[in-house]
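All chains, full assembly: derive it from the sequences and hints.
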Amino acid sequence: RKEVEQDPGPFNVPEGATVAFNCTYSNSASQSFFWYRQDCRKEPKLLMSVYSSGNEDGRFTAQLNRASQYISLLIRDSKLSDSATYLCVVNAITGGGNKLTFGTGTQLKVEL
Amino acid sequence: DAMVIQNPRYQVTQFGKPVTLSCSQTLNHNVMYWYQQKSSQAPKLLFHYYDKDFNNEADTPDNFQSRRPNTSFCFLDIRSPGLGDAAMYLCATSSPRDLRNNEQFFGPGTRLTVL
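Respectively, the protein sequence lines represent chains A and B.
Here the first sequence stands for residues 1 to 112, where the numbers follow the working numbering.
Here the second sequence stands for residues 1 to 115, where the numbers follow the working numbering.
If you are wondering where the hints come from, they were derived from the structure by calculation, not from laboratory data.
Computed from a predicted model, the values in this text were never measured in an experiment.
Mixed in with the good hints, there may be bad ones.
Said to hold, decoys possible - Below, computed lysine-lysine pairings styled on DSS-like, alpha-carbon distance capped at 27 Å:
1) A/42 - A/79
2) B/17 - A/45
3) A/109 - B/38
4) B/17 - A/109
5) B/44 - A/109
6) A/109 - A/42
7) B/38 - A/45
8) A/2 - B/17
9) B/17 - A/99
10) A/42 - B/38
11) B/17 - B/44
12) B/52 - A/99
13) A/99 - A/2
14) A/79 - A/2
15) A/45 - A/79
16) B/44 - A/42
17) A/2 - B/52
18) A/2 - A/45
19) B/52 - A/79
20) B/17 - B/38
21) A/45 - A/109
Claimed, not checked - In silico negatives: residues of chain A with every beta carbon more than 12 Å from chain B:
22) 11
23) 22
24) 31
25) 54
26) 56
27) 70
28) 76
29) 83
30) 89
31) 100
32) 101
A virtual CB, placed ideally from N, CA and C, is assigned to each residue, including glycine.
Below, the structure written as structure tokens:
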């Protein structure tokens, strides 16, 4: 079983749609969680951290369910510029610092 | 602007010919990471430095080595590149001051082609 699992997509949605991505992780000792965005042939960039209480940043809402080891990302009112791959990332603190484990990403294509 | 810089952006090497990729940062972060990312795959951590302490991932091949001569610079050496080593190599940094909510800052990557 992969440490972080995501549906690879692609999710093809019309502009203005609401889309949700899910992610599960296997390491119950994981301590923090993130969504990164990666554009084609570019580096990953932090989109938002994910907190147990859920958090929102504009059109983006992230949720964490520790009991189910499940993370979600909701994007409302999709824009063409939201087209990218969304990486679910889990952080575990090790003796040598912190270690991020990435999912393979979910590809989103927003269309006119 | 403070940033993570990787050189070169594109590197072509021959099968078996050693190659070095470089990363520098102006963020003054203690931790530097090297990831390998192949097409449609997740970035895979190869190793990282916490200050001068080297932390190798268990499944990183011996063909991959790293050096960190100072806080700002970190190098990835591939001793004998094989065709399977063609990938994007990403350098990232982080600061341990807040490990729980620790963002990693990525450089633009070096895309390695092996002929």
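Cross-check of the supplied hints:
Pair hint residue 42 of chain A plus residue 79 of chain A holds up; C-alpha atoms about 19 Å apart against a cutoff of 27 Å. At most 27 Å may separate the alpha-carbon atoms for a hinted pair to count; residue 17 of chain B and residue 45 of chain A exceed this at roughly 32 Å. Simply put, residue 109 of chain A and residue 38 of chain B have alpha-carbon atoms about 21 Å apart, close enough for the 27 Å limit, and the pair holds. With a C-alpha separation of about 39 Å, the suggested pairing of residue 17 of chain B with residue 109 of chain A is violated against the 27 Å cut-off.
A hinted pair counts as satisfied when its Cα atoms are at most 27 Å apart, and residue 44 of chain B with residue 109 of chain A qualifies at roughly 24 Å. Distance restraint check for residue 109 of chain A and residue 42 of chain A: the Cα-Cα separation of roughly 16 Å lies within the 27 Å cut-off, and the hinted pair is therefore satisfied. At most 27 Å may separate the alpha-carbon atoms for a hinted pair to count; residue 38 of chain B and residue 45 of chain A meet this at roughly 17 Å. For the proposed pair residue 2 of chain A and residue 17 of chain B, the alpha carbon gap of about 33 Å is over 27 Å, so the pair is violated.
Our distance criterion of 27 Å between C-alpha atoms is broken by residue 17 of chain B and residue 99 of chain A, whose separation comes to about 31 Å. Of the supplied pair hints, the one linking residue 42 of chain A and residue 38 of chain B holds, its CA atoms being roughly 12 Å apart against a limit of 27 Å. Proximity of residue 17 of chain B to residue 44 of chain B is assessed by CA-CA distance (about 23 Å); at most 27 Å being required, the pair is judged to hold. Using a Cα cut-off of 27 Å, the hinted pair residue 52 of chain B and residue 99 of chain A holds, with the two alpha carbons roughly 17 Å apart.
Under the criterion of a C-alpha separation no larger than 27 Å, the hint pairing residue 99 of chain A with residue 2 of chain A is consistent with the structure, at around 16 Å. As the CA atoms of residue 79 of chain A and residue 2 of chain A are separated by approximately 31 Å, the hinted pair breaks the 27 Å bound. Between residue 45 of chain A and residue 79 of chain A the CA atoms are separated by roughly 18 Å; this keeps the pair inside 27 Å, and the hint holds. For the given pair, residue 44 of chain B sits about 15 Å from residue 42 of chain A by alpha-carbon distance, which is consistent with the 27 Å threshold.
As the CA atoms of residue 2 of chain A and residue 52 of chain B are separated by approximately 30 Å, the hinted pair breaks the 27 Å bound. As the CA atoms of residue 2 of chain A and residue 45 of chain A are separated by approximately 22 Å, the hinted pair is consistent with the 27 Å bound. For the hint linking residue 52 of chain B to residue 79 of chain A, the alpha-carbon distance of about 43 Å lies beyond 27 Å, and the restraint is violated. Annotation: proposed proximity of residue 17 of chain B to residue 38 of chain B holds, straight-line Cα distance about 20 Å (limit 27 Å).
Straight-line distance between C-alpha atoms of residue 45 of chain A and residue 109 of chain A comes to about 18 Å, which keeps the hinted pair within the 27 Å bound. The claim that residue 11 of chain A lies off the interface holds: its Cβ sits roughly 15 Å from the closest Cβ of chain B, which is beyond the 12 Å cut-off. At roughly 16 Å, the least C-beta separation between residue 22 of chain A and chain B is larger than 12 Å, which holds for a residue marked as non-interface. Distance to chain B contradicts residue 31 of chain A as a non-interface residue, since its nearest Cβ pair spans about 6 Å, not more than 12 Å.
With a closest Cβ-Cβ approach of about 15 Å to chain B, residue 54 of chain A is found to remain outside the 12 Å limit, as its non-interface label requires. With a least CB separation of 17 Å from chain B, residue 56 of chain A remains clear of the 12 Å interface cut-off, as annotated. In this structure residue 70 of chain A is separated from chain B by more than 12 Å, as the shortest Cβ-Cβ distance comes to about 18 Å. At roughly 24 Å from the closest C-beta of chain B, the C-beta of residue 76 of chain A stays outside 12 Å, upholding its exclusion from the interface.
For residue 83 of chain A, the requirement that its beta carbon stay farther than 12 Å from each beta carbon of chain B is met, with the minimum near 16 Å. The beta carbon of residue 89 of chain A sits about 9 Å from the closest Cβ of chain B, which is not more than 12 Å, so the claim that it is off the interface is violated. The Cβ of residue 100 of chain A sits about 6 Å from the closest Cβ of chain B, inside the 12 Å cut-off, so the non-interface label is violated. Interface exclusion of residue 101 of chain A from chain B breaks down, the closest Cβ pair being 8 Å apart, not more than 12 Å.
The earlier numbered hints that this structure contradicts are 2, 4, 8, 9, 14, 17, 19, 24, 30, 31, 32.
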